Amino acid sequence: AQRVTQPEKLLSVFKGAPVELKCNYSYSGSPELFWYVQYSRQRLQLLLRHISRESIKGFTADLNKGETSFHLKKPFAQEEDSAMYYCALGGMRSFKTIFGAGTRLFVKA
Amino acid sequence: DGGITQSPKYLFRKEGQNVTLSCEQNLNHDAMYWYRQDPGQGLRLIYYSQIVNDFQKGDIAEGYSVSREKKESFPLTVTSAQKNPTAFYLCASSSRQAENTGELFFGEGSRLTVL
Numbered sequence: 136a137q138r139v140t141q142p143e144k145l146l147s148v149f150k151g152a153p154v155e156l157k158c159n160y161s162y163s164g165s166p167e168l169f170w171y172v173q174y175s176r177q178r179l180q181l182l183l184r185h186i187s188r189e190s191i192k193g194f195t196a197d198l199n200k201g202e203t204s205f206h207l208k209k210p211f212a213q214e215e216d217s218a219m220y221y222c223a224l225g226g227m228r229s230f231k232t233i234f235g236a237g238t239r240l241f242v243k244a
Numbered sequence: 637d638g639g640i641t642q643s644p645k646y647l648f649r650k651e652g653q654n655v656t657l658s659c660e661q662n663l664n665h666d667a668m669y670w671y672r673q674d675p676g677q678g679l680r681l682i683y684y685s686q687i688v689n690d691f692q693k694g695d696i697a698e699g700y701s702v703s704r705e706k707k708e709s710f711p712l713t714v715t716s717a718q719k720n721p722t723a724f725y726l727c728a729s730s731s732r733q734a735e736n737t738g739e740l741f742f743g744e745g746s747r748l749t750v751l
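In the order they appear, the protein sequences are chains A and B.
Numbers given in the working numbering equal positions in the first sequence, counted from 1, plus 135.
Numbers given in the working numbering equal positions in the second sequence, counted from 1, plus 636.
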């Protein structure tokens, strides 16, 4: 069965500190992993996806199939990174996309 | 202005009444989705549709119904059978074309409160 686990509901870090938001998944096929972000009073939007291997706003995420993880990392957190972050899992041949419970990141000045 | 439009933004209903939430997209996307967003539980998939006249149940379909008569539209009906309907509902769409594979585009959401 498809499942996404984000173990931390809330993560609070100081500005300039490294940040890592954890995501683990369960899927029997070839997974597509995404990170979505929801800033205050804005729509939920895509932050990055594992296929493109890109870095957006300084965030990166590496798919580790052995550990079934897709942790989101940023070396130096900024106050504007404060938001709700969701890890999402889709299948290569499937339209079904499910989300984790989300992690609220709070970056303190 | 391209995107996903949900209406209404806020809706109040009495217990026992059915209510329909609208979702329209002009992105020419094949797939559309309905999620329910509750604090601490993230987004849970209610229904999704890959193509016109076809849809599949998600993880929490009980008490909900959908239709997909047009590519642009995917309305969600919250029936009286839904035991805890008060929630924030998000509609999304996606395309499987080229570089947009898998990315979901979301509406602004509809907050339903059942009194």
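Keep in mind the hints are simulated off the structure, nothing from the lab.
Remember, it's a predicted structure, so these values are computed and weren't measured experimentally.
Idealized CB from N, CA, C, for every residue including glycine.
A couple of the hints might just be wrong.
Said to hold, decoys possible - Here are the simulated DSS-like cross-link-like pairs (lysine-lysine), alpha carbons at most 30 Å apart as the crow flies:
#1 A/Lys200 x A/Lys157
#2 B/Lys707 x B/Lys645
#3 A/Lys231 x B/Lys706
#4 A/Lys231 x B/Lys645
#5 B/Lys707 x A/Lys157
#6 B/Lys719 x B/Lys706
#7 A/Lys192 x B/Lys693
#8 A/Lys243 x A/Lys192
#9 B/Lys693 x A/Lys144
#10 A/Lys208 x A/Lys150
#11 B/Lys719 x A/Lys144
#12 B/Lys645 x A/Lys144
#13 B/Lys719 x A/Lys208
#14 A/Lys192 x A/Lys157
#15 A/Lys231 x A/Lys144
#16 A/Lys231 x B/Lys693
#17 A/Lys144 x A/Lys157
#18 B/Lys693 x A/Lys200
#19 A/Lys231 x A/Lys208
What the hints assert, rightly or not - Ranges between beta-carbon positions, derived for each pair:
#20 A/Lys200 x B/Arg649: 21 to 27 Å
#21 A/Glu215 x B/Ser716: 42 to 48 Å
#22 A/Glu202 x B/Gly652: 43 to 49 Å
#23 B/Ala717 x A/His185: 35 to 41 Å
### Query
Within a Cα-Cα threshold of 30 Å, do lysine 719 of chain B and lysine 706 of chain B meet the stated pairing?
Holds, because 29 Å separates the two Cα atoms, which is no more than 30 Å.
### Straight-line alpha-carbon gap lysine 231 of chain A to lysine 706 of chain B, limit 30 Å
holds (20 Å)
### Query
Does 43 to 49 Å hold as the CB distance between glutamate 202 of chain A and glycine 652 of chain B, or does it fail?
holds (48 Å)
### Message
Just to be careful, I want the Cα atoms of lysine 231 of chain A and lysine 144 of chain A compared with a cutoff of 30 Å; is the pair within it?
### Response
Holds - the C-alpha atoms of lysine 144 of chain A and lysine 231 of chain A are around 24 Å apart, at most 30 Å.
### Task
Mind checking the hinted window 21 to 27 Å against the Cβ distance between lysine 200 of chain A and arginine 649 of chain B?
violated (45 Å)
### Message
Run the distance test for lysine 231 of chain A versus lysine 693 of chain B: straight-line Cα separation, threshold 30 Å.
### Response
holds (10 Å)
### Query
Regarding the pair lysine 707 of chain B and lysine 157 of chain A, is the alpha-carbon distance no greater than 30 Å?
violated (36 Å)
### Message
What's the verdict on lysine 719 of chain B and lysine 144 of chain A, does the C-alpha distance respect the 30 Å limit or exceed it?
### Response
holds (26 Å)
### Task
Please work out if lysine 231 of chain A and lysine 208 of chain A have their alpha carbons no farther apart than 30 Å.
holds (26 Å)
### Message
Between the alpha carbons of lysine 693 of chain B and lysine 144 of chain A, is the straight-line distance 30 Å or under?
### Response
Satisfied, since the Cα-Cα distance of roughly 27 Å is no more than 30 Å.
### Message
Need the status of pair lysine 192 of chain A, lysine 157 of chain A: alpha-carbon distance at most 30 Å?
### Response
holds (18 Å)
#### Entry: Proposed proximity, lysine 150 of chain A with lysine 208 of chain A (alpha carbon, max 30 Å)
holds (14 Å)
Of the numbered hints listed earlier, those contradicted by the structure are 5, 7, 13, 20.
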